[in-house]
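*Asks:* Its first residue numbered 97, the sequence shown is counted upward by one per residue in the numbering used here.
Note that these hints are calculated values from the structure, not bench results.
Everything numeric in this text was worked out from a predicted model, so none of it was measured.
One should not assume that every hint holds.
As the list claims (entries may be wrong) - Listed below are the simulated DSS-like cross-link pairs for lysine-lysine, each with C-alpha atoms no more than 30 Å apart in a straight line: (1) K189 / K282; (2) K290 / K323; (3) K550 / K590; (4) K363 / K400; (5) K400 / K476; (6) K290 / K424.
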Amino acid sequence: MDRKVAIIGAGISGLLACKYTLSKGFHPIVFESQSNVGGVWTKTVETTKLQTPKPVYQFSDFPWPESVSEDFPDGQKVFDYVNGYAKHFDLVKHIKFNTKVVGIEFEGPNDEEIQAWSLWGGNGEPFGSKGKWKVVVEDLVTLSTAIYNVDFVIVCVGRFSGLPNIPEFPPKKGPEAFDGKVIHSKEYAAMDHKQAAEFVKGKRVIVVGFQKSALDIAMECSAANGKENPCTVLYRTAHWNVPDYLPWGFSLAHMYLSRFSELMVHKPGEGLLLSLLATILAPLRYAYSKFVESDIKKKLRLEKHGMVPTHSFLKEISSCLISTVPEKFYDKVENGEIKLKKAPSFSFCNNGVLVEGETSPIEADLVILATGFKGEKKLKHIFTSQTFQDYITGSPDAALPLYRECIQPRIPQLAVIGFSESISNIFTSEMRCRWVAELLDGTFKLPSIKDMEKNIKEWDEYLKQYSGGYYRRKCIGALHIWYNDQLCKDMAWKPRRKKGFFAELFEPYGPMDYVSN
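Construct the complete structure from the given sequences, taking the supplied hints into account.
*Replies:* What follows is the structure, given as structure tokens:
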């Protein structure tokens, strides 16, 4: 029987979902609101480079071309690589470009019946409820609408695009009070590179944020304006952004992406032995963190600039907040081209920005908000059902409730890929898409809803313990091998992929370890 699978988004997760559902004989229909594949890589700031070393950021069955020799390729090369993947596996013909999904509605058992289920879909199978999803889409060129009825939906809209996260301000103290211009980093990235340079040239610019986009944009503003109009970066929290992946000459991957490194971390659902090991190894975990921190402080001269974070590097990596500092960023801080300003909160006035607790504003002509996106809100409003909206968002004091970071136990015939982060999202998304494809193919069944919700709660407790206030990012960065082990066991794959005891314990894991099952 032909099964139609709707895939929302043709970014990395959407392409992977398309490829692996095709491999199992399903018929995917991919809806992409943009005119290209690639998601966040379709339009980047000119100076943006890959944050993760290339060997870790690659498809398991499509290596980087030999022409890309650098470990951290620029945004255009990453886009070309992703586009090459889509063409190599002939995925483009399954994609409907410039097509926005307006909403999805489940047509089948009613809310009361679904609420009474003890198994996902009624019997634990991907097509168990006999229902269908109605997918309403809009063609962004003709403005016409169409309806597709499908058997399964895979949502791959991602956290880092779409709906901008604009900070909230008191009345008359927001952007409307400012005589200059306020834009989101999304709007800046959408400009072509020449247009972006001309847009900031000659302007006093404030960039709000301290993650990768903020740093890249600040670098471009400083290149355009130099000391004459220094760029001010407003940040709320200092972060352990890394200058490289070799603290004191040691490989960061060996320190944090091996099975041994994960023995130092308490795990969701761990047994007594693993719990005891994590407790015993806690001093070593602390030493690892201090070792890396000392290297970053020295190389970037953080103490001199008052930029030493108050949290540990372990929390940084457990929250997937690590980004690479652009080359010579702090040199520009020292020579006055970039100014750093801590601002727990701020408001707008007619001639600039007023930091809380200060009386004199920072004068500006342009403010660029590199404040991220409202990924959860975007995901929520894909559903037309208020019940399903409530299910997908879960409790306000818990992270998005997804079993194996893919399945909401009470929403049938649907998976979500790309809302949980890792050190290499391409690697993690591929594992999840393979897991979902095996689930659809009947290789395994899901446990009861009760057991899935228990597992979700255990992961939520782990996230709150190690990520603190950043738990909603759902980062598995410090436990990616443990997480992949669970997926492998579900699919009846061998979890341990290395040859030899010491290799298994101490070598980093990456996408090429999972080429075959």
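*Asks:* Hint by hint, note whether the structure agrees.
*Replies:* Hints, verified against the model:
In summary, the hint linking K189 to K282 is supported, as the alpha carbons are separated by about 28 Å, within the 30 Å threshold. Distance check on the hinted pair: K290 and K323 sit about 21 Å apart at the alpha-carbon level, within 30 Å; holds. With a C-alpha separation of about 25 Å, the suggested pair K550 and K590 falls inside the 30 Å cut-off, and the hint holds. Distance check on the hinted pair: K363 and K400 sit about 37 Å apart at the alpha-carbon level, beyond 30 Å; violated.
About 44 Å separates the Cα atoms of K400 and K476, which puts this hinted pair outside 30 Å; it is violated. As the CA atoms of K290 and K424 are separated by approximately 22 Å, the hinted pair is consistent with the 30 Å bound.
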